[in-house]
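Visitor: These protein sequence lines are chains A and B, in that order. All letters in the first sequence, in the order written, are residues 1 to 185 by my numbering. All letters in the second sequence, in the order written, are residues 1 to 122 by my numbering.
These are computed hints drawn from the structure, not numbers from a lab. Fair warning: this is a prediction, and the values are worked out from it, not measured in the lab. The C-beta atom is built at its ideal place from N, Cα and C for all residues, glycine as well. Worth double-checking, as some hints may not be accurate.
Going by beta-carbon spacing under 7 Å, a handful of chain B positions derived as facing chain A [stated by the list, open to error]:
1) Leu4
2) Ala40
3) Met47
List of simulated lysine-lysine pairs, BS3-like, C-alpha gap at most 30 Å [as the list claims (entries may be wrong)]:
4) Lys95/B - Lys2/B
5) Lys15/B - Lys56/B
6) Lys2/A - Lys2/B
7) Lys95/B - Lys60/B
8) Lys149/A - Lys13/B
9) Lys88/B - Lys66/A
10) Lys2/B - Lys56/B
11) Lys66/A - Lys53/A
12) Lys2/A - Lys56/B
13) Lys60/B - Lys149/A
14) Lys95/B - Lys66/A
15) Lys56/B - Lys149/A
16) Lys53/A - Lys149/A
17) Lys95/B - Lys2/A
18) Lys149/A - Lys2/B
19) Lys2/A - Lys93/B
20) Lys66/A - Lys93/B
21) Lys149/A - Lys15/B
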Amino acid sequence: MKELSLNILDVAQNSISAGATRLDLTLTEGESGWLTVVIADNGRGMSPEFLAKVTDPFTTTRTTRKVGMGLALYLLAAEQTGGTLRMESTPGQGTTVTATFDRKHLDCPPLGDLAGTVALLIQGSPELEVHYRHTTPRGEAELSTEELKAVLGDDISLAEPEIFTWIQTYLSEQEAQLEGAVQER
Amino acid sequence: MKSLEELRAIREKMKRQMDLRGPNEDHIRVVVGMATCGIAAGARPVMAAFLDEVEKRGLKNVTVSQTGCIGVCRLEPIVEVFVPGEEKVTYVKMKPDMVPAIVEQHLVNHNVVTDYTIGAAE
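With the hints as extra help, turn the sequences into a complete structure.
Guide: This is the structure:
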């Protein structure tokens, strides 16, 4: 994975596979350069036994093969910056994956295209309630599907290509402002 | 800057188009593999390129969707195209710049882009 936003897309896909109807994606960057990424869902959750081995690359829910790299790669990405990965899960209630990254660390991958990640998550699961918030000392980017559905009504799906393009551009503009502010420092 | 006001305008435009749309018998499906293998190999920009191209051309009979691991991780990003009445076509090692040709030649004109298929790669 070349960008953290790709890890986030991958881990969030697990929430969708777990039958979640709500996904909260929250990124918080502090003045110190530390970034906390929280991916929280209300999916079917994991048993304590499965949770204990879920970052093992040879653990997966798939029945067609025996490897599952997503969380293993995410753990690696966090730990190689000196950060951590913590998971809380309750069967029937959902899972919260919290990772921390030192963005000043040489081995921290770039955040990458967060707008593309969020837009594709929404496009791929138009019924899912997504709440995205990226807070930095320079400002904030935010989007919720509730807000979009209030404008679009029930008859226009969030999976439509026109809506995807709008979401992607809308968020890219917000994200670019956060990055622009970094370069000015 | 984009605003929710603009989204409202898109909604009105789409609703007018929906009223014009008749029953759709030639519905084409484009499915992009978006598991860890696909994402790591570059499926996200490929998916975005398909959505952009379909929107640009206003193709109302095409659905672009995501799936998990298609099964040949070393050939990711993989895209499957389902045209009713025709055999499924699997495109492999996809890059965003390959997308316009597939949309134009395959989705619009029903000519498979054989250079990009799994048959050509194997």
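Visitor: Decide, hint by hint, whether the structure agrees.
Guide: Now the hints, each set against the structure:
Below 7 Å, beta-carbon pairs count as interface contacts, and Leu4/B has one with chain A at about 6 Å; its hint therefore holds. Satisfaction of the interface hint for Ala40/B is found here, the shortest Cβ-Cβ separation to chain A being roughly 5 Å, below the 7 Å cut-off. Restraint check, Met47/B versus chain A: the minimum CB separation of about 6 Å is within 7 Å; hint holds. With a CA separation close to 28 Å, the supplied pair Lys95/B and Lys2/B stays within the 30 Å bound.
About 17 Å separates the Cα atoms of Lys15/B and Lys56/B, which keeps this hinted pair within 30 Å; it holds. The suggested pairing of Lys2/A with Lys2/B holds, with an alpha-carbon distance near 28 Å, which does not exceed 30 Å. For the given pair, Lys95/B sits about 23 Å from Lys60/B by alpha-carbon distance, which is consistent with the 30 Å threshold. This hinted pair checks out: Lys149/A and Lys13/B have alpha carbons roughly 16 Å apart, not beyond 30 Å.
The straight-line distance between the Cα atoms of Lys88/B and Lys66/A is roughly 27 Å, inside the 30 Å bound, and the hint therefore holds. Distance hint between Lys2/B and Lys56/B is fulfilled; the C-alpha atoms sit about 18 Å from each other, no more than 30 Å. For the hint linking Lys66/A to Lys53/A, the alpha-carbon distance of about 13 Å falls within 30 Å, and the restraint holds. Taking the CA atoms of Lys2/A and Lys56/B, the gap is near 29 Å; set against the 30 Å cutoff, the hint holds.
Between Lys60/B and Lys149/A the CA atoms are separated by roughly 21 Å; this keeps the pair inside 30 Å, and the hint holds. Simply put, Lys95/B and Lys66/A have alpha-carbon atoms about 28 Å apart, close enough for the 30 Å limit, and the pair holds. Among the hinted pairs, Lys56/B with Lys149/A is consistent with the structure: their alpha-carbon atoms are about 23 Å apart, no more than 30 Å. This hinted pair does not check out: Lys53/A and Lys149/A have alpha carbons roughly 38 Å apart, beyond 30 Å.
Restraint check for Lys95/B and Lys2/A: the C-alpha separation of about 16 Å stays at or below 30 Å, so the hint holds. Note on Lys149/A and Lys2/B: the hinted pairing holds, with a Cα-Cα distance of about 16 Å set against a maximum of 30 Å. For the hint linking Lys2/A to Lys93/B, the alpha-carbon distance of about 17 Å falls within 30 Å, and the restraint holds. Our distance criterion of 30 Å between C-alpha atoms is met by Lys66/A and Lys93/B, whose separation comes to about 23 Å.
This hinted pair checks out: Lys149/A and Lys15/B have alpha carbons roughly 14 Å apart, not beyond 30 Å.
In this structure, only the earlier hint numbered 16 is contradicted, and the remaining ones agree with it.
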